[in-house]
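Based on the provided sequences and hints, a complete structural model is requested.
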Amino acid sequence: MNENPFLIDPERARAEVEAFRRKLEAGLETLKKVGPIELGATPREAVYTEDKLTLWHFKGGKKPASKTPLLICYALVNTPWMIDLQEDRSMVRNLLAQGEDVYLVDWGYPDGADRWLTLEDYIDGYLDRCVDVVRERHGIESLNLLGICQGGVFSLCYAALHPEKVRNLVTMVTPVDFHTPDNMLSHWARNVDIDLFVDTMGNVPADVMNFAYLTLKPLRLNQQKYIGLVDILDNPKEVENFLRMEKWIFDSPDQAGEAFREFARDFFQKNLLMKGEARIGNRVVDLRKITQPVLNIYAEQDHLVPPAASAPLGGLVGSKDYTALAFKGGHIGIYVSGRAQKQVPPAIHAWLADR
Amino acid sequence: MSDKPHDFIDQYQAWVRQGLEAWSRQFDPKAGPEGATVPPPDIAARLFAGLGGYGEWMRSMAGGEGPGAALDGGLPPFGHVPGGSAEFDAWARAAKDMLSLPAFGLTREQQEEQQALLKAWIEYMEHYQRYRTLLQGVHERANAALREQAPPTDAESMRSVYDRWVNLAEESYAEAALSEEFREVYASLVNAQMRVKLLQQRQVERMAVQAGMPTRKEVDSLGERLQAARRELAHMRGLAAEVESLKAEVAALRGTKKPAAKRATKPKDRRP
Chain A
1 MNENPFLIDP
11 ERARAEVEAF
21 RRKLEAGLET
31 LKKVGPIELG
41 ATPREAVYTE
51 DKLTLWHFKG
61 GKKPASKTPL
71 LICYALVNTP
81 WMIDLQEDRS
91 MVRNLLAQGE
101 DVYLVDWGYP
111 DGADRWLTLE
121 DYIDGYLDRC
131 VDVVRERHGI
141 ESLNLLGICQ
151 GGVFSLCYAA
161 LHPEKVRNLV
171 TMVTPVDFHT
181 PDNMLSHWAR
191 NVDIDLFVDT
201 MGNVPADVMN
211 FAYLTLKPLR
221 LNQQKYIGLV
231 DILDNPKEVE
241 NFLRMEKWIF
251 DSPDQAGEAF
261 REFARDFFQK
271 NLLMKGEARI
281 GNRVVDLRKI
291 TQPVLNIYAE
301 QDHLVPPAAS
311 APLGGLVGSK
321 DYTALAFKGG
331 HIGIYVSGRA
341 QKQVPPAIHA
351 WLADR
Chain V
1001 MSDKPHDFID
1011 QYQAWVRQGL
1021 EAWSRQFDPK
1031 AGPEGATVPP
1041 PDIAARLFAG
1051 LGGYGEWMRS
1061 MAGGEGPGAA
1071 LDGGLPPFGH
1081 VPGGSAEFDA
1091 WARAAKDMLS
1101 LPAFGLTREQ
1111 QEEQQALLKA
1121 WIEYMEHYQR
1131 YRTLLQGVHE
1141 RANAALREQA
1151 PPTDAESMRS
1161 VYDRWVNLAE
1171 ESYAEAALSE
1181 EFREVYASLV
1191 NAQMRVKLLQ
1201 QRQVERMAVQ
1211 AGMPTRKEVD
1221 SLGERLQAAR
1231 RELAHMRGLA
1241 AEVESLKAEV
1251 AALRGTKKPA
1261 AKRATKPKDR
1271 RP
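So the sequence lines, in the order shown, correspond to chains A and V. Take the first sequence: its position 70, counting from 1, is numbered 70 in my numbering, and each next residue is one higher. Take the second sequence: its position 44, counting from 1, is numbered 1044 in my numbering, and each next residue is one higher.
These are calculated hints, taken from the structure and not from any lab test. Heads up, the beta-carbon is just placed ideally off N, CA and C, and yes, glycines get one too. Wrong hints could be hidden among the right ones.
Said to hold, decoys possible - Simulated DEER-style distance windows between Cβ atoms:
hint, chain 1, residue 1, chain 2, residue 2, range
1, A, K237, V, R1206, 50 to 60 Å
2, V, L1118, A, L196, 13 to 23 Å
3, A, E300, V, R1206, 19 to 29 Å
4, A, K275, V, V1204, 53 to 63 Å
Stated by the list, open to error - DSBU-like mimics (lysine-lysine), calculated; alpha carbons at most 35 Å apart, straight line:
hint, chain 1, residue 1, chain 2, residue 2
5, V, K1197, A, K270
6, A, K33, A, K342
7, V, K1197, A, K247
8, V, K1217, A, K270
9, A, K247, V, K1217
10, A, K270, A, K33
To be verified - Covered stretches of chain V, going by a simulated chain A footprint (3 or more residues, C-beta under 8 Å):
hint, stretch
11, 1086–1096
12, 1100–1109
13, 1185–1192
See the structure below:
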């Protein structure tokens, strides 16, 4: 073993600590100046509410060019504002700028009253009613559906069960094969007694979910990023951006117990979507019934939904018009990075415009 | 209250200064025993220890806890952190034997519940120790890997060494976390904690019943029935809408009425 692989000059190290100290000391002044942190930058209007759910319609600077509205179905975990974090980091804003007419399903924050909501209630109930509201508003038979992460799984199930209401389907960072060897979350979930877990917890607290996510990369997410924060402590704008992301990460909804049970058991543990045996209520989700055009976008450095978990979709759907798009970035970067702003919304719009 | 407007900031800055000065003294080569030069690997180890403390502090502050809370190690949502020791193992063995004795008398059922809870708690502690042992292995392998690195040609900043260590530690962790052993230990830990929590809930329920208060079980039961009723109502409304639509179509075919527009009903009508 090499006993001395480091070459740290003690004097330089002390200077480094001194610089670190200065930034840390000055940091409180910056933090004091940061006002309330808000998420959701784009003007919007609630066009439908039900229980905790809100269906938002976004207002762009110009009239939408697209005749078919785009409904975004977000995941139940975390809030949907990752896609509209701030003015210069907003997939929604960029989609509007491209001419899309954008709606968003915001599931809200479930509480004890929502403990018994099942996947059927979410997909065949709430989501279906949101789809109908948008269809009615525009007087159309079918709309464009964009599902994100778990919302992508919901969208796949929905499109398979209600193909007549979906004109084009876009999935983003959406797992299909939950049993790829690099899927840490599903690996951990595989032997957990999900029934005992849900029977005990009822709704699954957001803190438990966040703890699981943080432990996917414990040092990077619990330590290194806060050390990196010191680098920007003298830059109020950067600090505000950091805190906005921090708010989004930790301001998370609890998970409705029954829906969590079904999703963890049937998708994470049994991988039923991949096997063609997943059920929503009494109906089997047959992905071959998805014959409309499908655009599947995944992130090459995604640690939550590895590319291998998303890529098999092309072989499972019945569509002859299937496009896969690999984005160079991670699960979050695909929405907030500078490259994402320039690449992802234009790619979605161009793909939709061609259909 | 102090008249100084920046009193709190002054205190904060003094606190930061003291902490970092104490930390920097830890790797001062002249601060070793009898002025001996501290070997660089130890400097790095101390560096990591200091940064680890900083990370915990930041995390606790971010979580809204007081600055001193991280000194307790922080509390993961899965529960508190028990200490692992040979004494505990011996105590646990003895306790398990004691807890296997039969219960008697009027409070027999409560005694058994209490025994089950204590046993579950001991099992949870045992699984937690296994989990900690796995994490300790990750940490040791990462440190060993860092020491295996090729010596650099130029002096490095502490930050670059730290970043390298984080990369190696995350690699080591990912390898362990994707192993069969980790999967088994992780699930055992979660399952053990759920058993403890479930047994605790049963005791709370018993107390709630004695106090004449509604229990979570009762509220859950009501919620389940209510949701089933809402689902059924939504289904029946769907059927009713279908019947209305068919009736309109029939009427149109008979030429007595215009067919209903093929549109979705209003949102408020769609609610279950």
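In terms of beta carbon proximity below 8 Å, does the stretch 1100–1109 of chain V have 3 or more residues touching chain A?
-> Violated: only 0 residues of the stretch 1100–1109 of chain V have a Cβ under 8 Å from chain A.
Lying within 50 to 60 Å: is that true of the beta-carbon distance A/K237 to V/R1206?
-> holds, 56 Å
Does the hinted range 19 to 29 Å hold for A/E300 and V/R1206 at CB?
-> violated, 54 Å
Is the Cα-Cα distance between V/K1197 and A/K247 35 Å or less?
-> Holds - the C-alpha atoms of A/K247 and V/K1197 are around 29 Å apart, at most 35 Å.
Hint says 53 to 63 Å; check whether the CB-CB distance for A/K275 and V/V1204 agrees.
-> Because 40 Å falls outside the window, the suggested range is violated.
With a Cβ-Cβ cutoff of 8 Å, does the stretch 1185–1192 of chain V contain at least three residues near chain A?
-> holds (count 5)
Given hint V/K1217 paired with A/K247 - CA-CA distance at most 35 Å = Holds, at roughly 33 Å.
Coverage criterion applied to the stretch 1086–1096 of chain V (partner chain A; beta-carbon cut 8 Å; 3 residues) | violated (count 0)
Please work out if V/K1197 and A/K270 have their alpha carbons no farther apart than 35 Å.
-> holds, 26 Å
Taking 35 Å as the top limit, are the C-alpha atoms of A/K270 and A/K33 close enough?
-> violated, 50 Å
Confirm or reject the claim that V/L1118 and A/L196 have a C-beta distance inside 13 to 23 Å.
-> Given range 13 to 23 Å: holds, Cβ gap about 19 Å.
Under the criterion that the straight-line Cα-Cα distance not exceed 35 Å, is the pair V/K1217, A/K270 satisfied?
-> holds, 29 Å
Of the numbered hints given earlier, the model fails hints 3, 4, 10, 11, 12; all others are met.
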